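As given, the protein sequences belong to chains A, B and C, one line each in that order.
155 is the number of the first residue of the first sequence in my numbering; add one for each residue after it.
136 is the number of the first residue of the second sequence in my numbering; add one for each residue after it.
616 is the number of the first residue of the third sequence in my numbering; add one for each residue after it.
No lab work stands behind these hints: they were computed from the structure.
All of these numbers come straight from a predicted model, not from anything done at the bench.
By construction, the Cβ of each residue, glycine as well, lies at the ideal position given by its N, Cα and C atoms.
Accuracy of the hints is not assured; some may be wrong.
Okay, the calculated bits of chain A under chain C, using three or more residues with CB under 8 Å as the criterion [unchecked claim]: (1) 172-185; (2) 201-212; (3) 222-228; (4) 266-275.
Not everything, but these chain C residues come out facing chain B in the computed CB check (under 7 Å) [what the hints assert, rightly or not]: (5) 650; (6) 662; (7) 668; (8) 820; (9) 890.
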Amino acid sequence: MDTTGMVLLWVLGVLALVGGVLVFTLNSMARVTFALLGSLVCVGGVVAVLRLPYLGVVIVLMMVMEMVIMAVFMIAYMMNPAGLMPMSMLHNKRGSLVVSGLVFAALVAGIFLVPWPDRTGARPRDTTFQVGMSLMGDQMLTMVTLGFVLLATMVGATVLATHRGRYDRFGDDLDQRPANDPADGGVGR
Amino acid sequence: MGLTAVLIRAAALRPRVLLVTMPGGTGVRLAAETELRSRDWPSAPTPAGADLMLVAGPDCSRLGPALDRLWQDMPRPCVRVRAVTADEVAPVLDAGRTRLGAPGGEPGEPDGSVGMNGHGSAEPESAGRPDGEPARAHREEQTEGEHDVRGVTGHEEGEHDHDGHPGHGHGDMEMPGGLAMAEPGEDRDGLTLDRLHVALGPFLADWPAGLTIRVVLQGDVIQRADLDEPAVGRPGDPFWSRPWIRAASGEPVGVGEAARLRAAAHLDSLGRLLSVAGWPAEAVTARRLRDDLLDGAPASAVLPRVERFARRVGRSRTLYWLTRGIGPLSAVDARAAGVTGPAVRAAGGDVPARYRQWLTDAVGDVRRMNATARLDPVAQESPRGRWDAERPPSAALATLLPRLLVGAELGAARLVVASLDPDPDELAVGRLEAAGG
Amino acid sequence: MAETGTWWALLVAPAMLLGFAAAALAADAALDARNAGRPITVSTVVRPFLAVPRAVLAQPRRLPASDRLLWRAGVITVPVAAVLSTLVIPFGDHVVADLSVGVVWFNAMEVLTWAGLWLAGWGPNAAFSLVGGYRFLAQGLAYELPLMFALISAATGAQSLRVTDIAGAQHGLWYAVWMPFAFVVYLAGVLAFSFLGPFAYPAGRDVAEGVLGETSGVDRLLLEAGRWLWLAAGAAMAVPLFLGGGAGPGLPPWAWSLVKTLLVLAALVWTLRRLPMVRADRYVELAWVVLLPLSVLQTLVPALTDLSL
Chain A
155 MDTTGMVLLW
165 VLGVLALVGG
175 VLVFTLNSMA
185 RVTFALLGSL
195 VCVGGVVAVL
205 RLPYLGVVIV
215 LMMVMEMVIM
225 AVFMIAYMMN
235 PAGLMPMSML
245 HNKRGSLVVS
255 GLVFAALVAG
265 IFLVPWPDRT
275 GARPRDTTFQ
285 VGMSLMGDQM
295 LTMVTLGFVL
305 LATMVGATVL
315 ATHRGRYDRF
325 GDDLDQRPAN
335 DPADGGVGR
Chain B
136 MGLTAVLIRA
146 AALRPRVLLV
156 TMPGGTGVRL
166 AAETELRSRD
176 WPSAPTPAGA
186 DLMLVAGPDC
196 SRLGPALDRL
206 WQDMPRPCVR
216 VRAVTADEVA
226 PVLDAGRTRL
236 GAPGGEPGEP
246 DGSVGMNGHG
256 SAEPESAGRP
266 DGEPARAHRE
276 EQTEGEHDVR
286 GVTGHEEGEH
296 DHDGHPGHGH
306 GDMEMPGGLA
316 MAEPGEDRDG
326 LTLDRLHVAL
336 GPFLADWPAG
346 LTIRVVLQGD
356 VIQRADLDEP
366 AVGRPGDPFW
376 SRPWIRAASG
386 EPVGVGEAAR
396 LRAAAHLDSL
406 GRLLSVAGWP
416 AEAVTARRLR
426 DDLLDGAPAS
436 AVLPRVERFA
446 RRVGRSRTLY
456 WLTRGIGPLS
466 AVDARAAGVT
476 GPAVRAAGGD
486 VPARYRQWLT
496 DAVGDVRRMN
506 ATARLDPVAQ
516 ESPRGRWDAE
526 RPPSAALATL
536 LPRLLVGAEL
546 GAARLVVASL
556 DPDPDELAVG
566 RLEAAGG
Chain C
616 MAETGTWWAL
626 LVAPAMLLGF
636 AAAALAADAA
646 LDARNAGRPI
656 TVSTVVRPFL
666 AVPRAVLAQP
676 RRLPASDRLL
686 WRAGVITVPV
696 AAVLSTLVIP
706 FGDHVVADLS
716 VGVVWFNAME
726 VLTWAGLWLA
736 GWGPNAAFSL
746 VGGYRFLAQG
756 LAYELPLMFA
766 LISAATGAQS
776 LRVTDIAGAQ
786 HGLWYAVWMP
796 FAFVVYLAGV
806 LAFSFLGPFA
816 YPAGRDVAEG
826 VLGETSGVDR
836 LLLEAGRWLW
846 LAAGAAMAVP
856 LFLGGGAGPG
866 LPPWAWSLVK
876 TLLVLAALVW
886 TLRRLPMVRA
896 DRYVELAWVV
906 LLPLSVLQTL
916 VPALTDLSL
């Protein structure tokens, strides 16, 4: 890796850590969410600097969408005045300190204990293809199954969480058209 | 210094105007809209985006504080002018622009306002806001129930509730900005969400001037709506019902003249509806047609254009798709509430039915503009229904609003109000008559 | 193969984007003037730019309990993301950074607008502004997935995420021709992420300009500029993705890129005034029930073509 890469790596790494610390020290739910987003964007940058551009940029893309949606839910459901009301982000301080200390120690130990493999062969020019092959090549069936399981989970969770069922919408004999919805959708089901 | 002066002059070439219509100021508003359109001065819906505030119409003491709040919310440099009659609009706008482009006031300093023609507004209405401090004060006062006017400053009190939570207990802490907390309540989906109190009106853009509806929002869904007493301007002279009032008092009025005004009234309402629906291009078309009608353009010249407009808007599938099913009002309910105008005749009773009825009526009225018979104020409908000084047609429309708004999203609610478009000036007549009799 | 990385390209790309955005704004002003019955003169198309001195002069807004930091961050994000997206867009033979994942880069920059607009709505602590910010998220959930599949369709057709490869892979038959649905969905997405015209829902007149409503001065200028810069960036990106990039007979590649970009931009500006504002409560269902399945089917077309080759 050249000098620019090293500098970028360090800067992004430090910024990601700073963002992570801010998540626990800021006192507004909106700011915390976006500190976390900043941290994750830096992680995306780190991955891109490590010459995995696809994964790096996709991390940025996904994390922005995810964090913005998360901000909505965090603010909507936080029990104490969240976004604009100052609040502490720390709960159960002693317990969480112990847990996080242990996890950190385990991860650091992992870095030194795992026998990392050495590089064999030349580095491919476009790693996107390799990432795709290693994810999809031998594991296509796994990925397809995983996709369906995820989708089924999301649909199932939504159906279970929905307050109104089809009898509320279509009447007791399911013959009421149009459906009795609080607001009409765009397709007119 | 030189550069600043150049910038000020350049910026003043095209001021963005916050047009505030006072109750009874319909005529002045129409003149102002025409003038702004021909000058290409954009109209800003919020004080934040404006640098010239034009108050159109007579003074109304009850709305004074609301006006002052709007004025305080405008970023400096800015100018406030008032036009009491339609003839004053053009000179007042010129004066405002001159004042805005004067190199005297450094940017960031509050400007005085410009008054014209000795209508009592010639003294500078200074609204100093050195560094936001007074603004904060006025907001605190608002939270005690005087909620803002354009809704633009309705505070984001939502997302807060009273629930103490062990981890986050901040019991008696001071609220940021001195804002009150919102109380939680059941919402339509069975969740408990915070309620936000916002007042729609009296000066919201594309809104019946002077009408105020206080709503309780959860998210952007209206959970409760209450109609405020309309602020009364000058004792009732509703612009759009003048021929009927004159005819009712025995003066001879031609049917053609009444039809012309009714068509213009419908086009005015359509312009407002299309603007709320986010179709500014067609809204401008509607307003141009309205102005041509009020200017006395011959029927033969206007008819093809009105027909083309009616075709384009009436047959727009997108507009229909976006508005269908909103604000359902059956003819039976409407009649029971005392509605007599196009809103009753609109078959189907939702927003598209009502705008299509307006379009049909407008085309019919333009065809009838050359009629010379004498206007019978009872047989012939005024724009919003059968004219009755004791119970003007807009009163029935306004009383319908709260129950149509409950459960609607903010955007849908705006469409409902625009599709019924009660005229607050008529309400003033009704109340005065009722008080007098 | 495209030339990349000359230092001056770094300056020229934003300048050209600004130029396209200004052209779009001027065209829109001219159409406005025609609609309003005003004569169309040189001053007609110049007047919108008087908003710039206005913005420089106007006092910034102070609101009680606003979150100025997040508000500013959001306002700045929108135009900056638009400019960053142009890094991967080839113009003729030139491109600033020919990333191997250019399409994903463009997409990621466009998604930054989500964060930017939500913050711009959240920051001022005002009801209508907040509604505007949330409206963009609702709109985003509707337009984003079909848009992603439109991008994927083009990338699948070329079997590459590199934008210059996609432009080069179209050998005379534009993707717009044999993937028309993806092209249309992409253009709708462009209007949606520039929140203009039919997709001005987050800044709708019914909520007093929503996210824009409380902004003044430079803040407003940045957000408004962001809208038109995104429109221009979207139009410029449509050319390599669906219209064969700079390829064409007779003229040099840069000229073809220029002509095609201007044509797409003109079509978009024309569309702005043809449709009323699409509210998300209607559009989300349409997007998920109709557009998304059709987009997936559209992606299947180049995928199957790739397999059979």
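Unmet hints by their number, sorted upward, for this structure
The structure conflicts with hint 4 only, although it agrees with all the remaining ones.
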